[in-house]
Amino acid sequence: MSDAPHDHLTDDELSLLTEGDPQLSTDRAAHGLECPNCRKRADGLREQQRKLDALRRTEASRPGPDCPERDSWWMVARGTGPRDQAQMMLAHAARCAHCSTALRQTIGDLEAEIDDHAPTLDLPSSSAAGQEKLARNLTEAARLGPHTGTSRFRWTWAVAAAGIMAIASAAGLFLLLNRPEQVNGLLAQAYQEHRELELRFPEAGYGPIRVERGTSRNRSLPLAQAEATIAKELGRHPEEARWLQANGRALLLEWRPEEAITEFRKAQAQMPADPSLLSDLSAAYFEKAQISGTPADFETALDLLSQAMEHNPRDPVMLFNRAVVLDHLSRYDQAIQAWNEFLQVEPSGGWTEEARSRLADVKERSR
Amino acid sequence: MWTELPPAKLLNLCVQRAHQDAWQEFVRRYHPVIANSVARITNQYGIDGPQAVEDIVQEVYLKLCEKSCKILRDFREDREDGLFAFLKVISANTARDRCQAMAALKRGGGKLVPLDSHDEAITAEGELSSRLAQQLFLENVETILAGLTQGPTAERDQSVFWLYYRQGWTAREIADIPVFELSAKGVESLLHRLVRQVRLVLERTTSTASTEGPGTANPFL
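From first to last, the protein sequence lines stand for chains G and P. In terms of our numbering, the first sequence opens at residue 2 and continues consecutively. In terms of our numbering, the second sequence opens at residue 283 and continues consecutively.
Extracted from the complex, chain G is given alone in its bound form (with noise of 0.2 Å):
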């Protein structure tokens, strides 16, 4: 037996020969069983598809931070809707095990044969008195309008603030507001006239910090005046990933996390690796961990926002915030290397007052 390279086998040889595959001619495939080199080369490979063969798993799991809507895995499954989102959500299903079962349990939904004219079940919505009130309610819901919201006072003040708008238009004040950007000015500008939260809200001025959340003495003119622009833009683009943004960061200021956390996915489906996006998510899961206590959520804040502090290191508004969700989460040396870091950023002004008296308060407790 020659051990000289030529003899050896080939990289396609030695694939074929661990594939067990009958196009390697007898001779070769000998060699390949009496040849040490081309033995220990072909025990190699299979070592290594068997590790890969031992990656494949069927178990569910639960849903990360970064995982789509179930309900919204149904375009995929179908190929509608766009294809570079698709993609995106695709490759996002093949390395989750939770979007992989939906994705896979979708298809079998829509797979599973089932006829719209086969007889329905004997139930109670399904007798004509049953469907009439389902039809009653449903055109209740309807006639609510878009984007009013579960909560009644929400759609009241669009409501008021629509009527204060026509008042100022009449009068010829009327205030140009059909851009995000200027959206996004009236939320900040809310925030700081009343500010309720921790961390700092983005475009923000500075504003003392109040106790009170969500409640209708907080409601100010032009959070009203934001919500019903938002409302408007909405119902005319209902995609549009800067809309869905603002009216996020509307629901953060009504303390309504959950709702917020939903807009900002859909935002991020059409804009995924975009800071300001992802800082506007790490708000909403830090004011859901304030709400529910959630050690969890507060973790994910700080995930997203260090994903979002990638793209942007030195932000001022983020290293605050960092900061913060540092100090809720014990982490007290790491918090007071975020404040000093800020205050180096940041070294006048009201927040830096601010960050000057966390910083020694979170020294305070560390000791």
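A hint or two may mislead.
Simulated pairs of lysine-lysine, BS3-like, Cα-Cα distance not exceeding 30 Å [as the list claims (entries may be wrong)]:
id	chain 1	residue 1	chain 2	residue 2
1	P	Lys467	G	Lys267
2	P	Lys291	P	Lys349
3	P	Lys467	G	Lys233
4	G	Lys267	P	Lys345
5	P	Lys345	G	Lys134
6	G	Lys233	P	Lys345
7	P	Lys291	G	Lys267
Source of the hints: derived by calculation from the structure; they are not laboratory data.
We have chain G already, so just place chain P on it with the hints.
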């Protein structure tokens, strides 16, 4: 008149105009698919009885009503059977959530069961090391795969590879995803080509590392 309306127009009358007759037609037309989709899932979970199905059907309608029928307002699909398919999925997802919650309750979900901390620690240690090894291997394969797949089909090829090797999908299942535009044979052939290349790179890396002596070899390869 109502029975002849195309789905898109019917939906428009329902959600934009809040027309009660339109909703009546919506319920008449789509209630069977909602109820039957729910019943299909409850059957899968071994949950019997019309009351359980009725409760979940009501939950589906509640979901449709939420935020002023937002889910229906956001619905976009040009195909004739789009709404039918959408409601099938929404109903099945709602039913699955409810059935899973009921099953968890049956198993005593929500109660904390004390674990033997010593056993747990031993299991956790072994599991952690095994997971770490797998994670490193995964990252290695991910890097190799990124190098092997180029051009406009790179993302698709990687997704196909991972759906098969991580998520346990079959070639047939992968071929059912429309955006891939591959037949089952096409998926098999792509996988065959990719896995051969990945395996060879892994094998070469491992043998190179092992000939470089201890300390340089990746123990997970």
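Hint check results:
1. Lys467/P with Lys267/G: violated (35 Å)
2. Lys291/P with Lys349/P: holds (21 Å)
3. Lys467/P with Lys233/G: violated (49 Å)
4. Lys267/G with Lys345/P: Holds. Lys267/G to Lys345/P sits at ~18 Å (cutoff 30 Å).
5. Lys345/P with Lys134/G: holds (16 Å)
6. Lys233/G with Lys345/P: Holds. Lys233/G to Lys345/P sits at ~23 Å (cutoff 30 Å).
7. Lys291/P with Lys267/G: Roughly 25 Å separates the two Cα atoms, so the pair holds.
Consistency with the previously given hints fails for numbers 1, 3, ordered from lowest to highest.
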